[in-house]
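Engineer: Dock chain B against the given chain A, drawing on the hints supplied.
Protein chains: 2
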Amino acid sequence: MQDAQRKARLTEFLDRIWSGGEYDAIPDFIAPQYVIRNDPGDPWHGQTLDHAGFRHRIETSRAPFPDQAFTPVSILADGDEVAVSWHWKGTHLGDVSGFTASGKVIKMTGLTVYGFEGLRLNGHWQVCDRLGVFMQLQANAG
Amino acid sequence: MQDAQRKARLTEFLDRIWSGGEYDAIPDFIAPQYVIRNDPGDPWHGQTLDHAGFRHRIETSRAPFPDQAFTPVSILADGDEVAVSWHWKGTHLGDVSGFTASGKVIKMTGLTVYGFEGLRLNGHWQVCDRLGVFMQLQANAG
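Residue numbers (the numbering used here), protein chains in the order written: chain A, 1 to 142; chain B, 143 to 284.
Isolated chain A (complex conformation) (with noise of 0.2 Å):
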């Protein structure tokens, strides 16, 4: 039953707060402690965030890609844990990493395990393809 709710849960996060930019709606999907524990190439990677903070970390990744979109391949629920793998994709309309936007669509895949605390997320440990992202934005700044 809370395997459930949490997987529910977590689409929801995914559709309303990375993809949807709903911004306010933070306090709802996150507790007041959120651990990055793993995410080699995020500038978090190792902190933990308070709900501005959080806010700060997706709007600061959003603005290059503002229709950025996720959408969950496998979601599976265990113990206070639960793991998805996903598809991401975005026009890169905004400067990133040193790459001017280029108005092409970049594509992603990546994985995470996210932790629970009742219907909250407390943190995450995830890894994406930044080499496939990187080698996208050198091939359209070529």
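Hints were generated in silico from the structure; no laboratory data involved. Take these hints with a grain of salt, some might be off.
[What the hints assert, rightly or not] Where chain A lies over chain B, by a calculated footprint (3+ residues, C-beta under 8 Å):
#, region
1, 151-164
2, 198-212
3, 217-226
4, 265-272
All C-beta atoms in this analysis are idealised placements derived from N, C-alpha and C, irrespective of residue type, glycine included.
Structural biologist: Using the frame of chain A, we list chain B on its own:
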């Protein structure tokens, strides 16, 4: 019950096959057809492998890092899938991707969702931090 068996099975697979190189045990762990559903940057991305093909993939992957070891972080079982987040390290003792052996330890993190048929694996959906590995190899070569 089956969830616990599959988690134990996956841990044993990572330990004996990927870390230990016990190639003769592959048929005990792998279904006759193994599908690599997602593994960006991996030469076998998108392919379906039989036991011989699977062995070739593992032998090729282990050659530059013969002491490689995977250490699971979280393991989640749900339905016919098991997700695992992991640390990897190996000593760079053979040439890989144009980088000659440096003798240095390389580290990586990743996550994998494995599909099960009974107690054998029939495929995976994975992302590894290949950008982090590339940066380490480049730093060691410089």
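Engineer: With reference to the structure, classify each hint as holding or not holding.
Structural biologist: Comparing the hints with the structure gives:
Taking a C-beta to C-beta cut-off of 8 Å, the region 151-164 of chain B contributes 0 residues in contact with chain A, too few for the three needed, and the coverage statement is violated. Counting residues of the region 198-212 of chain B whose beta carbon lies closer than 8 Å to any beta carbon of chain A gives 0, which falls below the threshold of three, so the coverage claim is violated. Only residues whose C-beta sits within less than 8 Å of a C-beta in chain A count toward coverage, and the region 217-226 of chain B has 8 of them, enough to reach three; the restraint holds. Only residues whose beta carbon comes within less than 8 Å of a beta carbon in chain A count, and the region 265-272 of chain B has 6; three or more means the coverage holds.
Taken one by one, the earlier hints fail for this structure at numbers 1, 2, listed in ascending order.
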